[in-house]
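Since the structure of chain A is provided, determine the placement of chain B on it from the hints.
Residues per chain, in single letters:
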Amino acid sequence: MRALLRVSGELMITLGLIVALFAAYEIWGRAAIVADHQRALDAQLEQQWAQEPEVAPTESADASAEPDPEPLSVSPGDAIGRLYLPRLRNSWVVVEGVDPQHIEYAPGHYPGTAMPGQIGNFSVAGHRTPAMFWDLDRVQPGDVVVVETRSRWYIYRVTQSRVVPPTALEVVAPVPNQPGVEPTEANLTITTCHPRWSNYERLIVHATLERTQASSAGRPAELEGL
Amino acid sequence: MYGWIWRRLPFGLPGKIIGSVVLAVAAGAILWVWVFPTVHSLLPFDDVQVGPP
Numbered sequence: 001m002r003a004l005l006r007v008s009g010e011l012m013i014t015l016g017l018i019v020a021l022f023a024a025y026e027i028w029g030r031a032a033i034v035a036d037h038q039r040a041l042d043a044q045l046e047q048q049w050a051q052e053p054e055v056a057p058t059e060s061a062d063a064s065a066e067p068d069p070e071p072l073s074v075s076p077g078d079a080i081g082r083l084y085l086p087r088l089r090n091s092w093v094v095v096e097g098v099d100p101q102h103i104e105y106a107p108g109h110y111p112g113t114a115m116p117g118q119i120g121n122f123s124v125a126g127h128r129t130p131a132m133f134w135d136l137d138r139v140q141p142g143d144v145v146v147v148e149t150r151s152r153w154y155i156y157r158v159t160q161s162r163v164v165p166p167t168a169l170e171v172v173a174p175v176p177n178q179p180g181v182e183p184t185e186a187n188l189t190i191t192t193c194h195p196r197w198s199n200y201e202r203l204i205v206h207a208t209l210e211r212t213q214a215s216s217a218g219r220p221a222e223l224e225g226l
Numbered sequence: 001m002y003g004w005i006w007r008r009l010p011f012g013l014p015g016k017i018i019g020s021v022v023l024a025v026a027a028g029a030i031l032w033v034w035v036f037p038t039v040h041s042l043l044p045f046d047d048v049q050v051g052p053p
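Keeping their order, the protein sequence lines are chains A and B. Residues in the first sequence are numbered from 1 upward in steps of one, following my numbering. Residues in the second sequence are numbered from 1 upward in steps of one, following my numbering.
These aren't lab readings, by the way, just hints derived from the structure by calculation. There could be a bad hint or two in this list.
[Claimed, not checked] On the chain A side, residues computed to face chain B include the following (Cβ under 7 Å):
id	residue
1	Val7
2	Glu10
3	Phe22
4	Tyr25
Backbone N, C-alpha and C fix where the C-beta goes; we use that ideal spot for every residue, glycine too.
Just chain B, same shape as in the assembly:
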């Protein structure tokens, strides 16, 4: 999978390194900004009050 992406990144070695970093940062940002907040709201960390059963 990563080999396949690596082979398709253009502009020689420097281009491949820069391209990899850009892709990794983009994937991380999508997770951090959209995916994690959604997952967080589905997890049971928010039940802090006492209440009727």
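Chain A with its partners taken away, still in its complex shape:
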């Protein structure tokens, strides 16, 4: 009896230690894994941008008003650009696709939604993990979201942050929340889990394109100190 009690006590303490270790893994282990993959994606993006031929052959006077066409064919899993959230003092390489294998280590672009800067809704999904959109609830209307592509920077201004059910497909419609309406603005939408460590709601951040600048003009002032 005594031996039985001792063994079950030991097993329960062991189980507690394993759960504590798993919590550490979810926070620091996953963060290290994501950081590793982000470094690799970053290198992939740099290489890709260095190789791609110049898309815009002539840099005319109105070129700053008209965003350059981005590559039309991207395959799922390809790195497509960088997303900066100055409020969270963080940035990520964004990949194409929102299937679990695509967004395991990077925010993913919803296929079929607009590309950065295009008229429509550039929509991105990312995990609510400490290495990614953990603090996305701190991003408030008026904050800046910056997207970097090979040739341009796109500076968006957050217009709305809200919580929706997981089936709220209208948040990634070309005009957010108005499916079927013809878009006239370039929008950006970020979706992540809500609440933390759960999946029964989604936290959504909407933003609208404020301005763009050419990569040759250097980093936008909005990223000062990031």
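Quick look at chain B alone, frame taken from chain A:
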């Protein structure tokens, strides 16, 4: 359970201490490298997109 392992570790007290540390690190490594990634993929932390029901 732990008493049973402790009694079977060889080479006196130093050997028992070193043996315990090795076993603990090995158990932790197996959990961290194989068990936790598998458990992680079974948990609902990965549902972040909106989609049809």
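Verification of the supplied hints:
This hint holds: Val7/A has a C-beta 5 Å from the nearest C-beta of chain B, less than the 7 Å allowed. This hint holds: Glu10/A has a C-beta 5 Å from the nearest C-beta of chain B, less than the 7 Å allowed. Hint status for Phe22/A relative to chain B: holds, with the closest Cβ pair at about 6 Å, below 7 Å. The beta carbon of Tyr25/A is positioned within 7 Å of a beta carbon in chain B (closest approach about 4 Å), and the interface hint is therefore held.
The structure fails none of the hints (numbered hints given earlier).
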